[in-house]
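Novice: Keeping their order, the protein sequence lines are chains G and E. The first sequence begins at 2 in our numbering and counts up by one. The second sequence begins at 42 in our numbering and counts up by one.
Calculated from the structure, these hints are not laboratory results. If you're wondering where the values come from, they're calculated on a predicted model, not measured in any experiment. Backbone N, C-alpha and C fix where the C-beta goes; we use that ideal spot for every residue, glycine too.
With a cut-off of at most 30 Å between alpha-carbon atoms, the simulated DSS-like pairs for lysine-lysine come out as follows:
(1) G:K8 - E:K545
(2) E:K87 - E:K106
(3) E:K505 - E:K488
(4) G:K8 - E:K43
(5) G:K78 - G:K145
(6) G:K8 - E:K488
(7) G:K10 - E:K488
(8) G:K10 - E:K43
Chain G stretches covered by chain E per the calculated footprint, using a threshold of three residues with CB under 8 Å from any CB of chain E:
(9) 16-29
(10) 119-127
(11) 203-212
(12) 277-288
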Amino acid sequence: MLSRIRKLKAAGVVGINNRNRGYIMPHNPRALYARVDDKVETKRLAIAAGIAVPQLYGLIHAVREAKDFERMVEGHKDFVIKPAHGSGGKGILVITDRRRDMYIKGDGHALTAAEVQHHIENVLGGVYSLGGQPDQAIIEYRVKFDRVFEAVSYRGVPDIRVLVYRGVPAMAMLRLPTRSSDGRANLHQGAVGAGIDMLTGATTLAVCRNHRIDEHPDFGTPLGGLQIPGWPELLLLAARCQDLAPLGYLGVDMVLDAELGPLILELNARPGLGIQIANGRGLRGVLNYIDAAAPLPTDAGARVAVMRAYYEGLETDPVPL
Amino acid sequence: MKRLQATILALLVTAAALALMYAKITRLGLPLLPNQLEQVWLVEAKIEFNASRHATVVDFDIPDKLGAFVRLDEYFISRGYGLNVGIRDHDRRAEWSTRQARGAQRLYYRLEAVPQSEDEPPEMSRHVPAAAAAPVYEEPLASAIADTLGDVRDESANVFTFVSQTLVKLNALAPNDNIMIIRSNIDRDSEVWVERLIYVLAGANITARMVRGVILEDNANQHLTPWLEVHNGTRWEGFDPQTGNRGYPENFLRWSVGGEPLLNIEGGRNYSVAFSVSRYAKSPTMVARARGVANDTLLASTMLFNLPVNTQNVYRVLLMVPFGALVVAFMRTIVGLPTLGTFMPILVAIAFRETELAWGIALFVLITTSGLSLRFYLERLQLLLVPRLCSVLVLVVLLMTVISLVCARLGIDKGFSIALFPIVILTMVIERMSVIWEESGPGQALKEGMGSLSVAILGYLVMKNEYLTHLVFLFPESLLILLAVFILMGRYTGYRLLEVARFKDIVEAPASDAKSNP
Numbered sequence: 002m003l004s005r006i007r008k009l010k011a012a013g014v015v016g017i018n019n020r021n022r023g024y025i026m027p028h029n030p031r032a033l034y035a036r037v038d039d040k041v042e043t044k045r046l047a048i049a050a051g052i053a054v055p056q057l058y059g060l061i062h063a064v065r066e067a068k069d070f071e072r073m074v075e076g077h078k079d080f081v082i083k084p085a086h087g088s089g090g091k092g093i094l095v096i097t098d099r100r101r102d103m104y105i106k107g108d109g110h111a112l113t114a115a116e117v118q119h120h121i122e123n124v125l126g127g128v129y130s131l132g133g134q135p136d137q138a139i140i141e142y143r144v145k146f147d148r149v150f151e152a153v154s155y156r157g158v159p160d161i162r163v164l165v166y167r168g169v170p171a172m173a174m175l176r177l178p179t180r181s182s183d184g185r186a187n188l189h190q191g192a193v194g195a196g197i198d199m200l201t202g203a204t205t206l207a208v209c210r211n212h213r214i215d216e217h218p219d220f221g222t223p224l225g226g227l228q229i230p231g232w233p234e235l236l237l238l239a240a241r242c243q244d245l246a247p248l249g250y251l252g253v254d255m256v257l258d259a260e261l262g263p264l265i266l267e268l269n270a271r272p273g274l275g276i277q278i279a280n281g282r283g284l285r286g287v288l289n290y291i292d293a294a295a296p297l298p299t300d301a302g303a304r305v306a307v308m309r310a311y312y313e314g315l316e317t318d319p320v321p322l
Numbered sequence: 042m043k044r045l046q047a048t049i050l051a052l053l054v055t056a057a058a059l060a061l062m063y064a065k066i067t068r069l070g071l072p073l074l075p076n077q078l079e080q081v082w083l084v085e086a087k088i089e090f091n092a093s094r095h096a097t098v099v100d101f102d103i104p105d106k107l108g109a110f111v112r113l114d115e116y117f118i119s120r121g122y123g124l125n126v127g128i129r130d131h132d133r134r135a136e137w138s139t140r141q142a143r144g145a146q147r148l149y150y151r152l153e154a155v156p157q158s159e160d161e162p163p164e165m166s167r168h169v170p171a172a173a174a175a176p177v178y179e180e181p182l183a184s185a186i187a188d189t190l191g192d193v194r195d196e197s198a199n200v201f202t203f204v205s206q207t208l209v210k211l212n213a214l215a216p217n218d219n220i221m222i223i224r225s226n227i228d229r230d231s232e233v234w235v236e237r238l239i240y241v242l243a244g245a246n247i248t249a250r251m252v253r254g255v256i257l258e259d260n261a262n263q264h265l266t267p268w269l270e271v272h273n274g275t276r277w278e279g280f281d282p283q284t285g286n287r288g289y290p291e292n293f294l295r296w297s298v299g300g301e302p303l304l305n306i307e308g309g310r311n312y313s314v315a316f317s318v319s320r321y322a323k324s325p326t327m328v329a330r331a332r333g334v335a336n337d338t339l340l341a342s343t344m345l346f347n348l349p350v351n352t353q354n355v356y357r358v359l360l361m362v363p364f365g366a367l368v369v370a371f372m373r374t375i376v377g378l379p380t381l382g383t384f385m386p387i388l389v390a391i392a393f394r395e396t397e398l399a400w401g402i403a404l405f406v407l408i409t410t411s412g413l414s415l416r417f418y419l420e421r422l423q424l425l426l427v428p429r430l431c432s433v434l435v436l437v438v439l440l441m442t443v444i445s446l447v448c449a450r451l452g453i454d455k456g457f458s459i460a461l462f463p464i465v466i467l468t469m470v471i472e473r474m475s476v477i478w479e480e481s482g483p484g485q486a487l488k489e490g491m492g493s494l495s496v497a498i499l500g501y502l503v504m505k506n507e508y509l510t511h512l513v514f515l516f517p518e519s520l521l522i523l524l525a526v527f528i529l530m531g532r533y534t535g536y537r538l539l540e541v542a543r544f545k546d547i548v549e550a551p552a553s554d555a556k557s558n559p
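Same shape as in the complex, but just chain G:
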């Protein structure tokens, strides 16, 4: 036990207590949480800054408006309903198709309009929001993810999580939904996290439920060596998100849309630490390097360069043999 603690320390692994006290508290002023916790606000800021986000079809504020969702999604075959203040991927309903008057969920189940409406009412009631506060329901464009990921994701949308520290992309992973995560891309719900080489944009190794794996648990396809298209643009986009919400310790969730390219899905003020397991390395090294490089450049591209300098200087392979 003690020797493992010593090894973790040596590998620069950051624990939750350390993340909260050392990074979130000093760098993430509480007043700014509203900007990222409220997805409507995030969307508005992103549009104002010229950052691409999934198109908003409609916003439902009150239970009596819940039945209006049918009018909002008119003309759209597929769409997503999510709580404005949700966390951890909770309460997200993905409708991929319609058949007669039924709505087909991501996992193939058919829902009636009344069932979709009930889900919206739950969202409004605050079932999925932080602290159970009454919430709003967002209805938006469903991302048609890039075909690159087709062989490695079970239903839902694979996304790319970049941890941005003081505006510098520090670490990244590809999150792939699995059968056991019910199509969601959250690691603690059983999704696969694949570490990404920050310099090349190719996946390195992967974890599922905190354990190192080599193949997708549902398809058996290899998870390493997947090249993410447009990686430099993705990094730049992640770095720019710092300007939307000046949070020092920020999780940026992005998707690659087949037609629209990279889109910002949401920002997270308390990104998890599973990214370290997915990359097989602790965060402390890169975070310390960024701290030492302060004052950091205001230009997003120059900030990405700081990250490149760090990883280019690294000689050790992330996987201890």
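Start from chain G and add chain E according to the hints.
Specialist: For chain E alone, kept in the frame of chain G given last:
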């Protein structure tokens, strides 16, 4: 800098607590360990009434000889009243009087008692009461009593066995017609029943009287228990009016003798008497110093004994809550165990105090599982959040009622303690568990549920600790030490124990073949 600040603050707070504790130990002679103390019972009678603007006289029966207990001290708390204590017709009575009183009035009589050191010989009555004259009964009572007493007389050797057997007969589970007549539907734990017994026994010229006493157990709402005493020509002996067993209940503090009304009030309406009992530890030195603390009033004023008895009982629980919080803080920040909500486990732990552990766990599991099943059914009806929560609440309350009723039928008295189980908390537990169940799967929901339950059990064991209870009640300032612990814990940035397992694969992963990155 901040690290230093927190450490200094923690040190200061600890030093202040220790200094205050040291002063109390040396100057007031408070002992650190509970076994250095004598258990003292504190019985409080609270008299409440509405005064009607005239001269008011309150005449209250107060204890004289306490049976198995000795009176250590007594206090009369009555602002604006004159007090007169005296013996009248063998009864010790307190008389409060005032010229003018208006509105709701409240008087307290407080008694401190300790158990008698060794069994004293039974009270020998100096004057032998005259044998009771047989009353003239009316029919059909007359023949019922004559028959019943006649039956017993043949089977008994002396007065006490006679009384005992009569009582057994009168309390029989399957009474005959005669006994039904004598009972005439009187509640057998009431004073009326004891009076009826005295009346019946007088038919055999047996002298009997009613005594009332308080059974000493920690209880904020205690009442007087009526008991029967019989004289055999040389001494009095107690009898259980409901079973005929000889003797007195355990911890029976005799309050009054004879059937005189406990309370007479002139110039007052709507009066009531409420008793509460609590227990605390008092060292012999403290008994002596209790009166002599006048020169140290500041120090003595931090003592919780200054509060009314039932408030003291509340504080006995309240002061232990931070220790429950300590368990939660430790399990969450150092161990990393997930719980449903921060303080939910503490509330469940407090509920366990009422129910005892095994029974509490059984209730918790039973109610959450049934609640969860209903919650999943309600999900299908597609109800709005708040009404749905309320429906679960209704089920939880009904479930508790059913459990209590079933327990009553089976004769398990534990079923009643359920009433104090925090129903709203359980409802929230059910709702949160069901959301986690749907969102993260049953595994996660069970993990968090079990996490909460184990933290609650641990918290219960800590909060139940006798030594801690004693310490924190005598030295409430010791909570400052706990505050220091929390401040230091808030600066802890090391790994959580469960994280060490979670991050294992970063440093100890098996060599990977599929490693494709150069």
